[in-house]
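Chain residues, written in single-letter form:
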Amino acid sequence: MRIPDSILHIDRRIIFLLIGAAVCIPLILQPRFQDSPTPIVQSIFDTVERLPSGSRVFLSFDYGPDTAPELDPMAKALVRHTMTRGHEVSFFTLFPEGLGQIKKITDNLLPVEFPEKAYGRDFVNLGYKAGLGGAINTMVVNFRTLINADAEGTPLDDLPMTADVDEMVDYAIILSLTAGDPGLKEWIQFAGDIAGIPVMGGGTAVVAPELYPYYPQQLVGLMGGLKGASEYESALVDRYPAYRNATMDATMRMGPQVVTHVLIVLLILLGNLAYFFGRSGRPGRNDRTDRADQADRRR
Amino acid sequence: MRRKIPLIITFIIGVVLVTGYFVTRGPFNTLYESFSDYFAIITVFAFILGGGSLLKIHLKRVSNRSTDWPYSVVTLAGFLVTLVIGLFKVGNPDGMGGEILAAGSWLRFLFDGVYNPLSATMFSLLAFFVASASYRAFRARTKEATILLSAAMVILLGRTPVGAWLTAWMPEILGFLELPNLANWIMAWPNTAGQRAIMIGIALGVIATSLRIILGIERNYLGRRE
Amino acid sequence: MDVTLQLWIDAALTLMILSFLYRDNPFYKFAEHLFVGVSAAYLMAIGFWDHLVPNLLGKLFPSLMSGVVPGAVGRSPDYYYIIPAVFGLLLLTRLVDRWAWLSRWALAFIVGGSAGFNLPRFLDSDFIIQVQSTMVPLVVLDPAGNLLWGASFSHIVLVLGVICGLVYFFFSVEHKGILGHVSRAGIWVLMVTFGAAFGYTVMARISLLTGRMEALGAWLATMF
Numbered sequence: 030m031r032i033p034d035s036i037l038h039i040d041r042r043i044i045f046l047l048i049g050a051a052v053c054i055p056l057i058l059q060p061r062f063q064d065s066p067t068p069i070v071q072s073i074f075d076t077v078e079r080l081p082s083g084s085r086v087f088l089s090f091d092y093g094p095d096t097a098p099e100l101d102p103m104a105k106a107l108v109r110h111t112m113t114r115g116h117e118v119s120f121f122t123l124f125p126e127g128l129g130q131i132k133k134i135t136d137n138l139l140p141v142e143f144p145e146k147a148y149g150r151d152f153v154n155l156g157y158k159a160g161l162g163g164a165i166n167t168m169v170v171n172f173r174t175l176i177n178a179d180a181e182g183t184p185l186d187d188l189p190m191t192a193d194v195d196e197m198v199d200y201a202i203i204l205s206l207t208a209g210d211p212g213l214k215e216w217i218q219f220a221g222d223i224a225g226i227p228v229m230g231g232g233t234a235v236v237a238p239e240l241y242p243y244y245p246q247q248l249v250g251l252m253g254g255l256k257g258a259s260e261y262e263s264a265l266v267d268r269y270p271a272y273r274n275a276t277m278d279a280t281m282r283m284g285p286q287v288v289t290h291v292l293i294v295l296l297i298l299l300g301n302l303a304y305f306f307g308r309s310g311r312p313g314r315n316d317r318t319d320r321a322d323q324a325d326r327r328r
Numbered sequence: 119m120r121r122k123i124p125l126i127i128t129f130i131i132g133v134v135l136v137t138g139y140f141v142t143r144g145p146f147n148t149l150y151e152s153f154s155d156y157f158a159i160i161t162v163f164a165f166i167l168g169g170g171s172l173l174k175i176h177l178k179r180v181s182n183r184s185t186d187w188p189y190s191v192v193t194l195a196g197f198l199v200t201l202v203i204g205l206f207k208v209g210n211p212d213g214m215g216g217e218i219l220a221a222g223s224w225l226r227f228l229f230d231g232v233y234n235p236l237s238a239t240m241f242s243l244l245a246f247f248v249a250s251a252s253y254r255a256f257r258a259r260t261k262e263a264t265i266l267l268s269a270a271m272v273i274l275l276g277r278t279p280v281g282a283w284l285t286a287w288m289p290e291i292l293g294f295l296e297l298p299n300l301a302n303w304i305m306a307w308p309n310t311a312g313q314r315a316i317m318i319g320i321a322l323g324v325i326a327t328s329l330r331i332i333l334g335i336e337r338n339y340l341g342r343r344e
Numbered sequence: 026m027d028v029t030l031q032l033w034i035d036a037a038l039t040l041m042i043l044s045f046l047y048r049d050n051p052f053y054k055f056a057e058h059l060f061v062g063v064s065a066a067y068l069m070a071i072g073f074w075d076h077l078v079p080n081l082l083g084k085l086f087p088s089l090m091s092g093v094v095p096g097a098v099g100r101s102p103d104y105y106y107i108i109p110a111v112f113g114l115l116l117l118t119r120l121v122d123r124w125a126w127l128s129r130w131a132l133a134f135i136v137g138g139s140a141g142f143n144l145p146r147f148l149d150s151d152f153i154i155q156v157q158s159t160m161v162p163l164v165v166l167d168p169a170g171n172l173l174w175g176a177s178f179s180h181i182v183l184v185l186g187v188i189c190g191l192v193y194f195f196f197s198v199e200h201k202g203i204l205g206h207v208s209r210a211g212i213w214v215l216m217v218t219f220g221a222a223f224g225y226t227v228m229a230r231i232s233l234l235t236g237r238m239e240a241l242g243a244w245l246a247t248m249f
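Protein chains in written order, with this note's numbering: chain A, 30 to 328; chain B, 119 to 344; chain C, 26 to 249.
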């Protein structure tokens with residue numbers, strides 16, 4: 030079998046166009062795929078579900094706009110779930126950019142979907158704190174040393190929800206949405222393993238594989254990438270059918286995922302076929318491909 | 119003084135923070151609490167240092183008319199405009215006492231309208247390059263590369279509904295070979311094993327390096343001797 | 026500010042960055058340099074208002090800061106916070122060549138702090154508990170005493186995988202003979218791990234691109 034040279038010399042911009050099309054076309058057509066939660070995602074859902082109504086939940090937005098398309102759907106799903114269950118949610122971030130992500134939820138989602146929820150009573154924004162793991166350590170050792178007011182400067186004592194929050198262990202669970210360091214790893218190392226507070230959450234698909242060794246001993250559950258978010262959304266819809274008509278970002282974005290994954294698998298297969306059955310029809314004559322790569326890099 | 123004092127500071131801070139982890143009362147614990155808090159405060163100054171360095175470098179490039187210096191003007195303009203708006207809360211509906219990213223504030227506009235698309239698009243470019251690299255470089259040249267490639271393909275297909283569709287014909291007894299199940303199994307077991315081996319290796323490295331730093335054996339962070 | 030204007034700026038900057046896919050060009054360079062400047066200043070502003078003001082200035086100068094830190098009203102100054110303030114200022118001496126050596130004192134605090142934090146935590150969370158979590162039964166039985174083949178196989182993969190992976194990273198002894206075989210198996214385990222990581226990375230990058238395309242779609246929708 031011989032594969033023409035043009036396959037080996039394909040311009041990378043053609044691949045770029047294919048990827049662009051593979052993302053855009055499903056976005057326009059909006060196919061819907063049924064999903065079901067895997068045990069690692071279901072365990073987060075069950076934990077949030079089993080907490081008595083009114084429990085204090087600490088939700089850390091440890092990400093910025095660069096990873097928001099993956100983690101925003103998780104944030105929305107978690108906020109919808111915790112608010113529906115009647116938990117009291119404290120928003121926080123270890124990323125300066127995370128503050129903007131919190132504001133998207135508090136300014137756009139909560140007033141529209143939960144107009145009855147009041148700031149200071151049902152949710153509060155504790156803002157950003159620097160110091161990476163050191164910040165978590167300070168919170169565990171003496172919560173009020175690091176956080177004595179919300180993001181607007183209002184003392185915690187003046188907010189009904191946080192008036193009697195003196196220690197990190199006053200929170201029933203810690204949820205973190207992680208894009209890197211600091212994130213779930215630091216929450217496990219500095220809070221979960223030391224103070225014994227159950228830690229769980231979501232990570233970008235890049236971070237998620239590295240967090241698997243913590244599950245299930247140190248990490249209650251993990252949503253890995255958009256697929257993890259989609260699984261959580263499906264668990265939410267199954268339990269609360271009222272959300273069936275709500276916009277589920279991760280579920281909608283699974284269309285482009287499906288098409289691009291198939292495209293990339295096909296590209297890998299084609300690349301390997303071209304490598305093994307190049308012009309000579311024999312494996313190993315791949316130097317042309319390598320030269321094409323180098324030429325592309327120079328371009 | 120230029121090298122000894124930093125070594126003493128490192129030793130004291132390191133010893134207090136290690137001891138404070140185990141001793142939860144007494145003076146060590148008080149110092150532990152304070153140093154932990156101070157550490158977080160000092161790291162904020164690193165942001166200021168970063169901004170200062172950026173200013174210094176780009177001002178130099180502009181004054182020297184270095185290659186592409188007009189772009190340094192763009193960096194400086196972006197930096198100074200955002201800094202003034204951010205530090206003085208310009209356009210904040212609640213004034214100086216308001217939340218920094220309050221709805222309607224100019225900094226919020228800059229975050230949503232400028233920072234957000236720049237940051238997100240910069241990282242989204244990687245989607246194109248990862249696809250191109252997959253086509254050009256992901257070759258089953260060796261046994262190891264074939265294992266890597268196979269695992270990647272199982273994950274790529276198994277984490278989408280296509281994987282379920284492709285292997286739905288399998289008899290129930292071979293259900294564990296269905297792509298979604300196989301993908302979940304790879305993540306839960308071989309992936310965990312590999313990541314755990316890496317994690318344990320890193321942990322040992324971090325422990326040894328931390329000990330060397332605290333004891334003053336590792337001094338590279340002090341830079342060259344003057 | 027105007028939402029439509031924001032959408033147009035968003036779209037323009039997105040297209041400027043995406044233009045790099047064709048080739049490097051002035052529009053991309055403009056957007057790239059703007060990103061550097063805006064992000065550095067944004068981090069400074071957030072760090073200043075969310076951390077330095079309430080956690081340092083509000084404690085050192087409560088009466089002066091009472092207008093922006095409501096909790097500081099009536100509080101007396103906490104002079105211990107002069108320590109982090111001095112160290113923080115020392116860090117900034119790096120910007121002045123003549124005094125740059127003083128920044129090492131602050132750097133020593135940060136490096137010593139990181140070492141002090143990391144040593145016990147990596148020992149506990151990433152070493153001891155990881156070893157504990159690997160100590161699983163190799164033969165798994167159900168309550169009735171029947172062998173669970175699948176679970177037993179998975180546990181064997183986990184235990185052997187971790188051991189083989191660790192042997193591969195053990196460079197003090199030459200990987201020959203039986204150690205060579207174990208180390209080779211370790212490479213295979215790591216290859217599966219990297220393959221899984223690659224698959225997940227693709228997933229992550231596509232998600233980000235999807236987000237951007239949605240934003241461009243929102244912009245296009247304003248025109249029709």
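Careful: at least some of the hints might be erroneous.
[What the hints assert, rightly or not] In the DSS-like style, the derived pairs of lysine-lysine whose C-alpha atoms are separated by at most 25 angstroms in a straight line are:
(1) Lys174(B) - Lys201(C)
(2) Lys261(B) - Lys54(C)
(3) Lys133(A) - Lys146(A)
(4) Lys201(C) - Lys178(B)
[Said to hold, decoys possible] Across the chosen pairs, the derived CB separations fall in these ranges:
(5) Met288(B) - Ser35(A): 56 to 64 angstroms
(6) Ile54(A) - Val121(C): 25 to 33 angstroms
(7) Gly83(A) - Leu114(C): 40 to 48 angstroms
(8) Ile36(A) - Phe178(C): 38 to 46 angstroms
(9) Thr185(B) - Ile43(A): 41 to 49 angstroms
(10) Glu290(B) - Pro144(A): 44 to 52 angstroms
(11) Ala326(B) - Ser35(A): 47 to 55 angstroms
(12) Val141(A) - Leu177(B): 23 to 31 angstroms
(13) Pro189(A) - Pro188(B): 48 to 56 angstroms
(14) Met288(B) - Ile212(C): 53 to 61 angstroms
(15) Val141(A) - Thr260(B): 12 to 20 angstroms
(16) Gly293(B) - Phe196(C): 58 to 66 angstroms
(17) Phe294(B) - Thr76(A): 57 to 65 angstroms
(18) Lys261(B) - Ala125(C): 47 to 55 angstroms
I should point out that these hints are in silico values taken from the structure, not numbers from a laboratory.
For every residue, glycine included, the Cβ atom is placed at its ideal position computed from N, Cα and C.
Comparing the hints with the structure gives:
1. Lys174(B) - Lys201(C): violated (54 angstroms)
2. Lys261(B) - Lys54(C): violated (42 angstroms)
3. Lys133(A) - Lys146(A): Judged against 25 angstroms, a Cα distance of about 16 angstroms means the pair holds.
4. Lys201(C) - Lys178(B): The given pair, whose Cα atoms are some 56 angstroms apart, is violated under the 25 angstroms limit.
5. Met288(B) - Ser35(A): 56 to 64 angstroms: Between Met288(B) and Ser35(A), where Cβ atoms are some 38 angstroms apart, the hint is violated.
6. Ile54(A) - Val121(C): 25 to 33 angstroms: Given range 25 to 33 angstroms: violated, Cβ gap about 56 angstroms.
7. Gly83(A) - Leu114(C): 40 to 48 angstroms: At 45 angstroms between Cβs, range holds.
8. Ile36(A) - Phe178(C): 38 to 46 angstroms: holds (40 angstroms)
9. Thr185(B) - Ile43(A): 41 to 49 angstroms: violated (32 angstroms)
10. Glu290(B) - Pro144(A): 44 to 52 angstroms: About 49 angstroms separates the Cβ atoms of Glu290(B) and Pro144(A), which means 44 to 52 angstroms holds.
11. Ala326(B) - Ser35(A): 47 to 55 angstroms: Given a distance of about 53 angstroms, which is inside 47 to 55 angstroms, the answer is holds.
12. Val141(A) - Leu177(B): 23 to 31 angstroms: violated (45 angstroms)
13. Pro189(A) - Pro188(B): 48 to 56 angstroms: holds (54 angstroms)
14. Met288(B) - Ile212(C): 53 to 61 angstroms: The hint (53 to 61 angstroms, Cβ to Cβ) is violated, given that Met288(B) and Ile212(C) are roughly 30 angstroms apart.
15. Val141(A) - Thr260(B): 12 to 20 angstroms: Because 54 angstroms falls outside the window, the suggested range is violated.
16. Gly293(B) - Phe196(C): 58 to 66 angstroms: At roughly 42 angstroms between Cβ atoms, Phe196(C) and Gly293(B) fall outside 58 to 66 angstroms, so the hint is violated.
17. Phe294(B) - Thr76(A): 57 to 65 angstroms: violated (27 angstroms)
18. Lys261(B) - Ala125(C): 47 to 55 angstroms: holds (52 angstroms)
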